[in-house]
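There are 2 protein chains.
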Amino acid sequence: MGGDSAPKMVVEGIAFALTRYKNIHFILYGDEVQLEHHIAESGLKNAPISIVHAPEVITNDMKPSAALRNAKSSSMRRAIEAVKEGKADAVVSAGNTGAYMALSKILLGTLKGIARPAIATHMPTLSGYSVMLDLGANIECSEEHLVQFALMGEMFARDVLNIANPSVALLNIGAEALKGHSEVKAAHQILANSNMLSNFKGFVEGDDIMTGAVDVIVTDGFTGNVALKTIEGTVRFFKQMLEKTFKSSWRSKLGYLFVHRDFSRFRDKIDHRRHNGAPFLGVNGVAVKSHGGTDALGYSYAIGVAADMVERKLNEHISQELNKWYASNNIELPLKVIHGDG
Amino acid sequence: MGGDSAPKMVVEGIAFALTRYKNIHFILYGDEVQLEHHIAESGLKNAPISIVHAPEVITNDMKPSAALRNAKSSSMRRAIEAVKEGKADAVVSAGNTGAYMALSKILLGTLKGIARPAIATHMPTLSGYSVMLDLGANIECSEEHLVQFALMGEMFARDVLNIANPSVALLNIGAEALKGHSEVKAAHQILANSNMLSNFKGFVEGDDIMTGAVDVIVTDGFTGNVALKTIEGTVRFFKQMLEKTFKSSWRSKLGYLFVHRDFSRFRDKIDHRRHNGAPFLGVNGVAVKSHGGTDALGYSYAIGVAADMVERKLNEHISQELNKWYASNNIELPLKVIHGDG
Chain A
11 MGGDSAPKMV
21 VEGIAFALTR
31 YKNIHFILYG
41 DEVQLEHHIA
51 ESGLKNAPIS
61 IVHAPEVITN
71 DMKPSAALRN
81 AKSSSMRRAI
91 EAVKEGKADA
101 VVSAGNTGAY
111 MALSKILLGT
121 LKGIARPAIA
131 THMPTLSGYS
141 VMLDLGANIE
151 CSEEHLVQFA
161 LMGEMFARDV
171 LNIANPSVAL
181 LNIGAEALKG
191 HSEVKAAHQI
201 LANSNMLSNF
211 KGFVEGDDIM
221 TGAVDVIVTD
231 GFTGNVALKT
241 IEGTVRFFKQ
251 MLEKTFKSSW
261 RSKLGYLFVH
271 RDFSRFRDKI
281 DHRRHNGAPF
291 LGVNGVAVKS
301 HGGTDALGYS
311 YAIGVAADMV
321 ERKLNEHISQ
331 ELNKWYASNN
341 IELPLKVIHG
351 DG
Chain B
11 MGGDSAPKMV
21 VEGIAFALTR
31 YKNIHFILYG
41 DEVQLEHHIA
51 ESGLKNAPIS
61 IVHAPEVITN
71 DMKPSAALRN
81 AKSSSMRRAI
91 EAVKEGKADA
101 VVSAGNTGAY
111 MALSKILLGT
121 LKGIARPAIA
131 THMPTLSGYS
141 VMLDLGANIE
151 CSEEHLVQFA
161 LMGEMFARDV
171 LNIANPSVAL
181 LNIGAEALKG
191 HSEVKAAHQI
201 LANSNMLSNF
211 KGFVEGDDIM
221 TGAVDVIVTD
231 GFTGNVALKT
241 IEGTVRFFKQ
251 MLEKTFKSSW
261 RSKLGYLFVH
271 RDFSRFRDKI
281 DHRRHNGAPF
291 LGVNGVAVKS
301 HGGTDALGYS
311 YAIGVAADMV
321 ERKLNEHISQ
331 ELNKWYASNN
341 IELPLKVIHG
351 DG
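Residue numbers (the numbering used here), protein chains in the order written: chain A, 11 to 352; chain B, 11 to 352.
Just so you know, not all the hints are guaranteed correct.
Copies of the same chain look alike in the list, so a pair counts if it fits in one copy or across any two.
Said to hold, decoys possible - Calculated pairs, DSSO-like style, for lysine-lysine (alpha carbon to alpha carbon, straight line, at most 27 Å):
1. K73 <-> K189
2. K55 <-> K263
3. K18 <-> K73
4. K279 <-> K263
5. K32 <-> K323
6. K279 <-> K249
7. K249 <-> K263
8. K82 <-> K189
Just so you know, the hints here were simulated from the structure itself, not pulled from any lab data. Note that the structure is a prediction, hence the values are computed from the model and not measured.
Bound conformation, chain A alone (with noise of 0.2 Å):
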């Protein structure tokens, strides 16, 4: 029910995914009758869809600590429930972030050897895609999880991007060691020192991140959020200034007319629908976050970072290589881990 225009749009993804992946049964939490006029009305009959009647919504202005409290019955809560007790391999949702991530963690704990999930996301760059995380789950991070969160980044640019070997950095403000907080001082330390990561770039700066240089982007939360919308409200200024540009006179009009089909592909690569969908990585389950504005389209890019984070088993991979890493592990400063339901 979460999203600008849910469930509609749920619905209608659903039939995008459908052409893509034939082998995932969809179980929808939401209003019943909503959800079965939509479902006629997209054809989709005979799909493999069942409704699970919950029509209490967590709103967007709700507080993560009054979604945990109250709205026990909600959708979203019920959705998460499903994965936790084995009925669903994953959830994906387009509602209120803050509580997403909250009930994730609460009912679905971290994968052990993760003390903090991390929300993160992928997008186009000069030389193809990358990865970056936190997006915002973790205001302030210490080197532990910075430190973990380059593992999980790692994982999911190779397992779901299908990246050999991906490159990690963490973003800093300098490329010298000497640079930036001690935490990601700290962090760069301890990757640079230990065989965690096969393929450690150090650190990256801002202007690293859409020119491609490594293929994942490690950060604390609000920095990556920061970085992540700076990059969507640049995008829109040029968008903007492309449109009035070519719209600026006779001739650049005429002009368009000759561009247009390649533009278009240039547009493809860009729509952040095609980017859609921003996985809790770290979470005991497969939790992915659909932008809430987004269309049908969209929501079928969403739908399917979690089938192939299912399909791939990303998070038997986190873990595996994470113990590897801690039973092999030569570094000074031991990691702390904190694994349970909160």
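Once you have looked at the hints, place chain B on chain A.
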């Protein structure tokens, strides 16, 4: 002597600047032979330029601490000393940023009431121009620092960018007061509950920077540096993608012939040379940093920022406003005031 193409670019930048600013007298600190050669080559023999032979250079890889201890007769240090001694009204350098800021702070001190200087920039947005600070002088900032940055940014926007009643906001990861780290929330509280700024807009997010939601964006030096460089990287991404798109078929190549005139106007708008010149706000004197990789045109804009700051008496206005506010402030949290030469 600082910058990739110095001192040639500096001298040629003066030639550009002299076409717009008739009343500047330039004192060049650097290698006399080189400077005289470039002055002759640029046809500036009769221009208002004096030379002080100071061939020692602070290199880009020199740590600020080393630049402070050694390099006593470097061109950068001597140029800053000229401001301290009243021989010059402003200093402009394209050299080592860390050393330049450290030397400026030590030699010139800070304005009364300002604890820490900040590096600011101005950049094009959808709705005009915005100021952002700090860009890296202060990795971690207290609420007092952020509040002082806010006032300095407001005054810069008013005096130098000619924006009447500039709107000011704190960069955060959500528009709600409950989000963000403690310093940004505390700064918000101070600014929202005082009359320091006449047009305080609360929080903005990363995507508000380039869309021009406010005139002044205030943040800590880590976040500001990442945000600015992220914009630079995204601009580079777009430039390269556009170039590739216009060359991707004969159709687009043909179309480019029609649109190139309007696109060159767009290119001018985002030409970083035209926004070159990052002032060290809060320093007791005018010090402006030019991008190290800029050319003569870019350098002339940095000179322009310095000239405007002097002419509009920016530092006087900052001091006046700050003292007025201290005198009349009715806020609970008193601002810590560190004044002096370090």
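Can you tell me if K279 and K249 fall within 27 Å by alpha carbon in one copy, between copies, both or neither? both (13 Å within a copy, 14 Å between copies)
Is it within, between, both or neither when you check K249 against K263 at 27 Å Cα-Cα? Both, since 16 Å and 20 Å are each at most 27 Å.
When no copy is specified for K55 and K263, does a C-alpha distance of 27 Å or less occur within a copy, between copies, both, or neither? Neither, since 45 Å and 49 Å both go past 27 Å.
At most 27 Å between CA atoms: does that hold for K279 and K263 within a copy, between copies, both, or neither? This pair counts as both: shortest intra-copy Cα distance 23 Å, inter-copy 20 Å.
Under a CA distance limit of 27 Å, which applies to K32 and K323: within one copy, between copies, both, or neither? within (18 Å within a copy, 69 Å between copies)
When no copy is named, should K18 and K73 be tagged within, between, both, or neither for a Cα gap of at most 27 Å? Result: close within a single copy only, 25 Å intra versus 58 Å inter.
Can you tell me if K73 and K189 fall within 27 Å by alpha carbon in one copy, between copies, both or neither? Between copies only: 10 Å across, 36 Å inside.
If the cut is 27 Å between Cα atoms, do K82 and K189 qualify within a copy, between copies, both or neither? between (46 Å within a copy, 24 Å between copies)
Hint check: a violation occurs at hint 2 only; the rest are consistent with the structure.
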